[in-house]
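Protein chains in written order, with this note's numbering: chain A, 1 to 268; chain B, 1 to 201.
Calculated directly from the structure, the hints in this document are not laboratory data. Be careful, since some hints might not be right.
Listed below are the simulated DSSO-like cross-link pairs for lysine-lysine, each with C-alpha atoms no more than 30 Å apart in a straight line [as the list claims (entries may be wrong)]:
#1 A:K69 with B:K102
#2 B:K147 with A:K69
#3 B:K102 with A:K136
#4 A:K136 with A:K91
Treat the numbers as computed from the prediction; the structure is a model and nothing was measured.
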Amino acid sequence: MRFNNIKLYDCLLALFMLFSLACCTTPSPIHQETTLNEEQNDDPFEPYNRAATDFNFFLNTYLFRPFDKVYRFIFPEVIRTGISNFSDNLKQPYVFVNALLQGDFDDSAQAFGRFFTNTTLGIGGLFDVATYFEIKAPEKDFGQTLYEWGFENDGPYLVLPVIGPSTLRDSIGIGIGFFIDPVDWALPRAEQHLLWYRYGIQLVDSADQATDLLWNIEQTSIDPYVTLKSYYLQNRNKFLRGEEAAKESYNFSFDDEDYGDDEEFELE
Amino acid sequence: MKKILFILCSLFLILTSAQAAEAPSTAFVHQLADEIITNVLTSQDTQAQKTERFEKYFLKALDTQTIGKFVLGRYWRTASPQERNDFIDAFTDMALKSWADKFNLYTGQQITFLGEQPAEGKNQVYVISQIQNEPNPAEVLWRVQEKNGSYQIVDIIIEGVSMVLSYRNEYTSFLKDHKLPELTKKLQEQADSFVVTDTKK
Chain A
1 MRFNNIKLYD CLLALFMLFS LACCTTPSPI HQETTLNEEQ NDDPFEPYNR AATDFNFFLN
61 TYLFRPFDKV YRFIFPEVIR TGISNFSDNL KQPYVFVNAL LQGDFDDSAQ AFGRFFTNTT
121 LGIGGLFDVA TYFEIKAPEK DFGQTLYEWG FENDGPYLVL PVIGPSTLRD SIGIGIGFFI
181 DPVDWALPRA EQHLLWYRYG IQLVDSADQA TDLLWNIEQT SIDPYVTLKS YYLQNRNKFL
241 RGEEAAKESY NFSFDDEDYG DDEEFELE
Chain B
1 MKKILFILCS LFLILTSAQA AEAPSTAFVH QLADEIITNV LTSQDTQAQK TERFEKYFLK
61 ALDTQTIGKF VLGRYWRTAS PQERNDFIDA FTDMALKSWA DKFNLYTGQQ ITFLGEQPAE
121 GKNQVYVISQ IQNEPNPAEV LWRVQEKNGS YQIVDIIIEG VSMVLSYRNE YTSFLKDHKL
181 PELTKKLQEQ ADSFVVTDTK K
């Protein structure tokens, strides 16, 4: 089986450029405070997003979940943890580069130390020795780098097939992220097909992590689309802007007039 | 030997004084978490017994009235008292059962309390806690309301995701083109769809 990586990446990038162009020409009315509250939320891609979300839930129900059951049945937890560690370890160079690009030298050092320790002592990343040595596991991605560089507007909510919930800026970040991953550079041209194994392992691992959450949302939510979006945007907001900014979204007053009070009801 | 005894004694003193120094809201959540871990999550009883015990904690510790009112947003105002009660009952039942369905996810994670922060509104604080998770711990905030010396939880925020805000987004979006009794009916159906089994690992 032969894949032409570069072509696929070019297509993805072109798609993201197109989206970003669309975003630049029409001034986006989306402000981050409003995206977290469904009642005032603008979701210009909603019809597409709903279709993509349905597709992802469908994939989860009929592909990832059955696959994951078999996966969990065949491999004992020790092996699954090993696979997860291996996948996490391969992400560290990417974290390292993003931390550097963000000027976060502390986190870049942690990511470097983590990769070095786990690749050597942890036998190619199968064992997470770094956590034992109290080396942090910073989380960084290129969407966040863009945010740090001043692209503070998330842009509209955007659901990517297979990958899942995102925003316009973060989707562009994911697209560019494919190009700046040191693990990809390190591979000689002739060995590029190994990348597919890498993304395969990452997919298996993320499916293993996410499948229960998705299944749970589908089982308990009246509108899984809204719930997943709400979870994602709130969590991402905290990740990018920190606890204090996140507090603005959840530190609402319970006795605000907006949602009516008993007195008013009794007057009617 | 004496030295060891001395160390043990002082350790015990430090531990007890640390417990005593906890602010009342934190102490409330701490005790609740400990009791649920001991009597529900790590208990060897049947799922039905555990669910029953959990229900008692759940109903006592959560202010379902305040939460139910908030999650309906402006639709609370136009609802009749009967509709409100029905909604809160169905909502509580659904939330309770979906939590009870997840007891087996607990695999001994430790919870650490890190202090408190003021919250918007009368007598409310965030109790800050961390739940052990590899490689990074998960941050969980418990929004606690004090009323006449007793404490109740009004929201739980997990890694920035407010449960109450998420429910509100979900329900108000549904209510844009549905009536409240339809929502209540759907929630009740969901609650009833949870089957209590003991065959789960």
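Results of checking the hints against the structure:
1. A:K69 with B:K102: Roughly 17 Å separates the two Cα atoms, so the pair holds.
2. B:K147 with A:K69: violated, 47 Å
3. B:K102 with A:K136: holds, 29 Å
4. A:K136 with A:K91: holds, 14 Å
When held up to the earlier numbered hints, the structure conflicts with hint 2 and nothing else.
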